[in-house]
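A.B. asks: Chain by chain, the residues run as shown.
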Amino acid sequence: MTRPNQTRTTQTPTVQTLRELEARIRDLESTAVSTGQDLDSALTPLRAQLTRLRQQVSMTRWERVQLARIAGRPTALEYVERLTEDFVELHGDRAFGDDQALIGGPALWQGRRVMLLMQQKGRDTKDKIKRRFGSANPEGYRKAVRLMDLADKFGLPVVALIDTQGAYPGLEAEERGQGWAIAESIQRMSRLRVPAVCAVIGEGGSGGALAIGIGNRVLIMENAWYSVISPEGAASIIWKDSAKAPEAAEALKLTAPDLLELGIVEEVIAEPTGGAHLDVDAAAAALGEAVSRHLDELAGQSPEEWVSGRAERFRKLGAYRES
Amino acid sequence: MTRPNQTRTTQTPTVQTLRELEARIRDLESTAVSTGQDLDSALTPLRAQLTRLRQQVSMTRWERVQLARIAGRPTALEYVERLTEDFVELHGDRAFGDDQALIGGPALWQGRRVMLLMQQKGRDTKDKIKRRFGSANPEGYRKAVRLMDLADKFGLPVVALIDTQGAYPGLEAEERGQGWAIAESIQRMSRLRVPAVCAVIGEGGSGGALAIGIGNRVLIMENAWYSVISPEGAASIIWKDSAKAPEAAEALKLTAPDLLELGIVEEVIAEPTGGAHLDVDAAAAALGEAVSRHLDELAGQSPEEWVSGRAERFRKLGAYRES
Amino acid sequence: MALDKFFRRRRPQVNPPSEADTPDLWGKCPQCKENVYLRDLALNAYVCPNCGFHHRLGATKRAEVLLDGPIEIWSGRVHPVDALNFRDTESYPERLARAQAKTGRPDAILTGRGQIENLSVAAAIMDFEFSGGSMGSVVGEEIARAAERAGEEGLPLILVAASGGARMQESALSLMQMAKTTVALEALSKRGLPYISILTDPTTGGVTASFATIADVIVAEPGALIGFAGPRVIQQTIRQSLPDGFQRAEFLLEHGMVDMIVDRRQQRGELAKLLRLLHPASVGVAAPASVQSEQAP
Amino acid sequence: MALDKFFRRRRPQVNPPSEADTPDLWGKCPQCKENVYLRDLALNAYVCPNCGFHHRLGATKRAEVLLDGPIEIWSGRVHPVDALNFRDTESYPERLARAQAKTGRPDAILTGRGQIENLSVAAAIMDFEFSGGSMGSVVGEEIARAAERAGEEGLPLILVAASGGARMQESALSLMQMAKTTVALEALSKRGLPYISILTDPTTGGVTASFATIADVIVAEPGALIGFAGPRVIQQTIRQSLPDGFQRAEFLLEHGMVDMIVDRRQQRGELAKLLRLLHPASVGVAAPASVQSEQAP
Ligand SMILES: [Zn+2]
Ligand SMILES: [Zn+2]
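Residue numbers (the working numbering), protein chains in the order written: chain B, 1 to 323; chain G, 1 to 323; chain H, 1 to 297; chain E, 1 to 297.
Quick caveat, the hints were computed from the structure, so don't treat them as lab data. Hints may contain errors.
In silico SDA-like pairs for lysine to any residue, Cα to Cα no more than 20 Å straight-line [to be verified]:
hint, chain 1, residue 1, chain 2, residue 2
1, G, Lys130, E, Val47
2, H, Lys273, H, Ile261
3, B, Lys153, E, His79
4, E, Lys190, B, Arg146
5, B, Lys153, B, Lys240
6, E, Lys273, B, Ser190
7, G, Lys316, E, Trp74
8, G, Lys240, E, Trp74
9, G, Lys316, E, His79
10, B, Lys244, H, Ser91
11, E, Lys273, E, Arg248
12, E, Lys273, B, Glu89
13, B, Lys128, B, Gln100
14, G, Lys240, E, Asp88
15, B, Lys244, B, Arg69
16, H, Lys273, G, Asp152
17, E, Lys28, E, His54
18, E, Lys273, B, Arg293
19, G, Lys128, G, Gln66
20, H, Lys33, H, His54
21, B, Lys153, B, Ser190
22, G, Lys240, E, Arg239
23, B, Lys126, B, Gln100
Assemble the whole structure, with the sequences as input and the hints as a guide.
C.D. replies: Here it is as structure tokens:
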């Protein structure tokens with residue numbers, strides 16, 4: 001049972017200071033690059049100040065959500081390109097179609113054999129539409145189940161990169177059992193006889209995210225969010241007005257630090273100052289290191305331990321009191 | 001390895017004699033019923049003669065095929081009504097639809113807990129159309145797989161009643177992976193950790209029939225057929241003329257006695273004289289007794305023996321010579 | 001008969017959320033608009049005797065309709081907390097207090113042990129009257145405990161789903177209940193114990209995407225709304241009106257998602273038949289010596 | 001390079017079934033209608049250098065295109081028999097004799113052991129040139145033996161499907177090969193050995209409904225016709241014309257049935273990558289000391 005502390009209040013003015021400092025550092029860095037000048041003597045104290053500031057402040061939750069969605073934020077495939085070799089994308093659910101929002105296949109993750117599962121949002125408009133901005137149909141979850149079968153058969157640890165606003169809320173998705181497909185994926189993942197490490201890399205919206213989130217370890221990037229409902233969805237339910245999303249984001253406690261406090265994730269992966277989109281290579285390095293470290297820690301266990309580890313992890317999540 | 005003997009030649013004239021004898025017996029029987037007269041002294045020698053004759057003769061294979069399709073021949077549900085209690089039909093593949101051509105669910109088979117799987121052709125025109133005359137879509141085979149999962153989980157022996165001209169050859173069936181669904185059903189059935197007894201009760205057409213035909217025992221009713229292709233299908237391939245179906249039926253050796261000789265079935269279940277449709281209760285009694293007997297024989301084995309028994313049974317089917 | 005007894009104990013409600021304008025002994029059926037004598041409704045498992053409309057039931061009435069006699073209650077010791085300090089138009093504790101006062105229950109779930117045609121079962125019944133049956137930490141915990149206890153006691157589990165989805169006020173903690181219930185249900189699966197869910201009006205959101213749809217057998221009530229995304233959200237996505245009967249039980253049967261639609265008045269019989277087939281051992285399980293009945297608030 | 005060697009050994013054929021009108025050194029591509037220099041075709045894995053059309057390959061050429069070097073042949077000792085005394089426009093033994101003479105093979109299958117980028121594999125290659133790759137008892141038996149031997153020797157199995165379906169002349173015996181191959185493939189599954197199938201033009205009928213589609217990974221060649229029922233039969237059923245591209249590899253990928261479409265010239269690389277990921281042990285398996293190469297007829 002988890003009993004979280006009072007969550008922090010937000011400090012928007014300080015964020016403003018932080019942003020200004022970040023801009024100043026970026027300016028100096030680019031000057032250093034373009035002119036060849038050594039500006040480290042100026043940069044070093046500024047960077048130290050930034051580190052202190054970042055530890056002290058919180059952005060508003062809504063600012064985090066916007067950062068998680070910002071144009072240029074790396075999608076799953078941008079991490080995969082940087083962190084894996086020999087990724088072989090496998091397609092299809094063997095029953096209806098191939099979903100492009102939820103993709104996967106075996107790969108070498110920084111040299112480790114894994115089965116990748118990930119929501120892929122798309123990079124340009126056409127790609128985004130094809131992939132429904134990372135919102136999967138039932139076929140996506142059924143493909144995930146099939147790939148988990150293969151992971152078990154060939155002893156491939158599962159690495160899941162979560163980045164979706166939620167499962168696709170379409171008429172046909174309902175016809176083909178969206179809820180059923182998600183439930184089946186959750187159940188299948190809980191039964192994996194290999195270790196699973198999940199990372200929310202951008203958005204973690206509702207059951208559509210959780211469907212591939214049953215990890216022995218669940219990590220989240222610093223500016224990602226994970227919640228039972230999107231801020232917009234909550235706002236339109238509570239205030240009948242999706243413009244109240246900032247207020248809903250506050251109420252939902254959906255940021256990485258919140259989730260760490262709630263015991264829902266094991267680790268927050270630090271992003272480059274200002275967000276992963278400002279330095280994709282550095283963000284990838286941080287993600288790669290964290291996932292690899294957890295994979296290595298889990299490697300020594302038995303299939304029974306991987307199964308029971310996941311079961312115990314999720315069995316105890318929740319907040320209640322007992323009379 | 002099976003090396004079948006030369007198959008019998010057909011003897012149509014003798015079948016004529018048989019049919020006349022059958023008609024005479026029926027007349028006497030109905031006279032006995034309507035008049036209350038005891039005609040047993042007349043009937044007994046005729047019945048003995050009939051039994052001898054039936055052992056000696058073969059109908060043409062095409063005559064058998066026609067008997068397997070004759071109006072009023074009992075469908076699977078007519079047997080189920082007579083042989084089971086508490087049949088609970090379970091619906092749906094949990095992914096796309098509920099196929100009405102391939103149905104099933106748990107039931108008590110003459111007092112024994114079983115999981116039923118069967119092709120149901122339909123009784124009136126509307127019902128037949130709804131059930132595509134017993135030709136299943138992929139959803140039917142996927143439902144079968146789901147019911148086999150339940151059979152395994154709850155230790156229910158599988159009883160499969162086969163009666164189909166084949167899987168449905170439709171455009172949408174292909175789109176949704178007809179071949180894949182059949183293959184998966186065959187594989188799933190081969191892995192059952194419960195015993196399985198299959199009976200071809202009417203038509204056994206191709207992969208669509210075999211999909212639920214991976215039994216520890218495979219039985220066939222006297223006037224049923226089982227083949228890789230329907231006589232019409234073979235005729236239109238060989239002679240480009242489906243009217244040559246009688247010739248194709250001969251060539252395909254698709255009758256119950258043929259299949260017994262080829263080692264493809266364990267037992268031929270005798271039908272009432274003239275065919276199952278002439279006495280559905282008697283046909284059901286014969287089917288019920290045979291299936292129950294095989295279920296009882298298999299009951300003492302272990303899950304591993306059921307699996308390996310099926311594997312060995314099918315592993316050795318085929319005819320070839322070795323150099 | 002349980003229903004009869006229930007009627008004498010309490011005044012039944014035709015349509016609880018809008019009872020203000022309902023006279024004491026007659027109620028208007030929301031489907032056929034006919035006036036129905038409430039005693040007849042209660043005697044008919046809260047199915048309209050006129051048109052067959054299945055009225056929504058709170059968990060207490062549901063237990064009475066489902067079980068032979070009183071339920072031996074397991075749930076009730078787990079209480080919700082406001083872990084997120086959630087505040088919207090009112091605070092989460094205020095919402096909880098109101099729902100608790102209305103239902104006399106700590107949260108939207110009743111679990112326990114009972115009999116169906118003399119077969120012992122564990123029952124987990126969601127209470128739509130408590131905050132729309134929303135699933136938070138307590139609902140998840142109680143379902144998980146019921147599944148585990150059913151496993152230990154060798155009982156099949158019957159779950160009655162009735163939920164608008166996950167409980168927003170618990171955010172990610174609520175989301176995690178989908179996983180928690182799933183892993184706890186392994187206690188039944190491993191022991192080969194049947195798990196049957198009954199989807200009633202409405203069953204949507206996270207409940208549909210977790211424990212309710214991984215049952216061995218899924219039963220639905222006629223006309224029940226069942227789906228993952230809500231109709232309003234889907235309409236926004238596709239920008240056209242939804243077909244008649246969309247996301248209703250009959251639609252789901254046609255699309256292969258549920259095993260059968262069973263009229264509430266036949267459910268006990270169908271469940272008993274299924275339990276005897278899937279798990280003959282249940283036939284032999286004796287009723288517990290002392291049974292604690294749930295009291296009406 | 002194997003192809004080059006092959007070309008020197010034999011005269012390649014652009015389109016074997018209709019070679020009569022093909023001049024010795026040039027052939028007409030059935031897709032782009034361009035004349036193609038046969039040596040270029042052979043050097044290009046029998047893919048049209050002009051339009052990318054994938055020509056059908058007999059089993060011998062396929063083995064050369066697929067494997068690093070010669071195949072160590074396992075198949076060949078099992079011969080077909082006329083168990084049914086099957087007679088239509090000609091007798092089954094006559095048909096067999098003709099196909100055997102044409103291909104130099106007892107039946108429509110070649111199995112053996114080879115290397116793909118130095119990874120040892122078992123290969124089972126259907127021969128469309130033998131009676132349209134139809135599956136009878138010998139095809140079933142050889143595939144079953146190959147699967148079992150691969151299991152014993154710890155080798156992944158690569159199966160190349162090319163078949164019009166089951167062999168009518170063996171009727172129910174042919175049908176049973178669908179089951180036989182399926183149970184024999186358990187030898188691989190139990191040991192966690194990868195089974196990859198490559199669906200080539202055409203793969204239809206019983207082959208599609210059994211061993212070819214239960215592979216762990218399914219690869220298809222561009223443009224290959226793949227399906228269960230034949231297009232003609234479907235057209236008779238639906239009484240309207242079939243859409244463009246129906247039952248082609250690209251259609252099947254879109255419908256979720258195959259994992260990937262891989263150009264024949266990239267297949268070795270993709271297979272090796274997959275094998276290293278799924279079964280790193282293959283990397284260490286040494287090639288057998290003595291290898292018997294298949295000789296051209
Ligand atoms: Zn009414
Ligand atoms: Zn060309």
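A.B. asks: Are the hints correct? Go through all of them and say.
C.D. replies: Evaluated hints:
At most 20 Å may separate the alpha-carbon atoms for a hinted pair to count; lysine 130 of chain G and valine 47 of chain E exceed this at roughly 46 Å. The hinted pair formed by lysine 273 of chain H and isoleucine 261 of chain H meets the criterion: a straight-line CA distance of about 15 Å does not exceed 20 Å. Among the hinted pairs, lysine 153 of chain B with histidine 79 of chain E is inconsistent with the structure: their alpha-carbon atoms are about 35 Å apart, more than 20 Å. Under the criterion of a C-alpha separation no larger than 20 Å, the hint pairing lysine 190 of chain E with arginine 146 of chain B is consistent with the structure, at around 17 Å.
At most 20 Å may separate the alpha-carbon atoms for a hinted pair to count; lysine 153 of chain B and lysine 240 of chain B exceed this at roughly 48 Å. Taking the CA atoms of lysine 273 of chain E and serine 190 of chain B, the gap is near 28 Å; set against the 20 Å cutoff, the hint is violated. With a C-alpha separation of about 19 Å, the suggested pairing of lysine 316 of chain G with tryptophan 74 of chain E holds against the 20 Å cut-off. Among the hinted pairs, lysine 240 of chain G with tryptophan 74 of chain E is inconsistent with the structure: their alpha-carbon atoms are about 38 Å apart, more than 20 Å.
A C-alpha spacing of about 15 Å is found between lysine 316 of chain G and histidine 79 of chain E, which places the hinted pair at or below 20 Å, so the restraint holds. Only pairs whose Cα atoms come within 20 Å are accepted, and lysine 244 of chain B paired with serine 91 of chain H is accepted, the gap being roughly 17 Å. Restraint check: the Cα-Cα separation between lysine 273 of chain E and arginine 248 of chain E comes to about 25 Å, which exceeds 20 Å; the hinted pair is violated. Between lysine 273 of chain E and glutamate 89 of chain B the CA atoms are separated by roughly 11 Å; this keeps the pair inside 20 Å, and the hint holds.
Restraint check: the Cα-Cα separation between lysine 128 of chain B and glutamine 100 of chain B comes to about 10 Å, which is no more than 20 Å; the hinted pair holds. The suggested pairing of lysine 240 of chain G with aspartate 88 of chain E holds, with an alpha-carbon distance near 12 Å, which does not exceed 20 Å. Among the hinted pairs, lysine 244 of chain B with arginine 69 of chain B is consistent with the structure: their alpha-carbon atoms are about 17 Å apart, no more than 20 Å. Proximity of lysine 273 of chain H to aspartate 152 of chain G is assessed by CA-CA distance (about 19 Å); at most 20 Å being required, the pair is judged to hold.
Among the hinted pairs, lysine 28 of chain E with histidine 54 of chain E is consistent with the structure: their alpha-carbon atoms are about 13 Å apart, no more than 20 Å. Between lysine 273 of chain E and arginine 293 of chain B, the direct Cα distance comes to roughly 25 Å. Violation of the 20 Å bound is thereby established for this hinted pair. For the proposed pair lysine 128 of chain G and glutamine 66 of chain G, the alpha carbon gap of about 18 Å is at most 20 Å, so the pair holds. For the given pair, lysine 33 of chain H sits about 13 Å from histidine 54 of chain H by alpha-carbon distance, which is consistent with the 20 Å threshold.
For the given pair, lysine 153 of chain B sits about 15 Å from serine 190 of chain B by alpha-carbon distance, which is consistent with the 20 Å threshold. Proximity of lysine 240 of chain G to arginine 239 of chain E is assessed by CA-CA distance (about 19 Å); at most 20 Å being required, the pair is judged to hold. Distance check on the hinted pair: lysine 126 of chain B and glutamine 100 of chain B sit about 12 Å apart at the alpha-carbon level, within 20 Å; holds.
In this structure, the hints that do not hold are numbers 1, 3, 5, 6, 8, 11, 18, in rising order.
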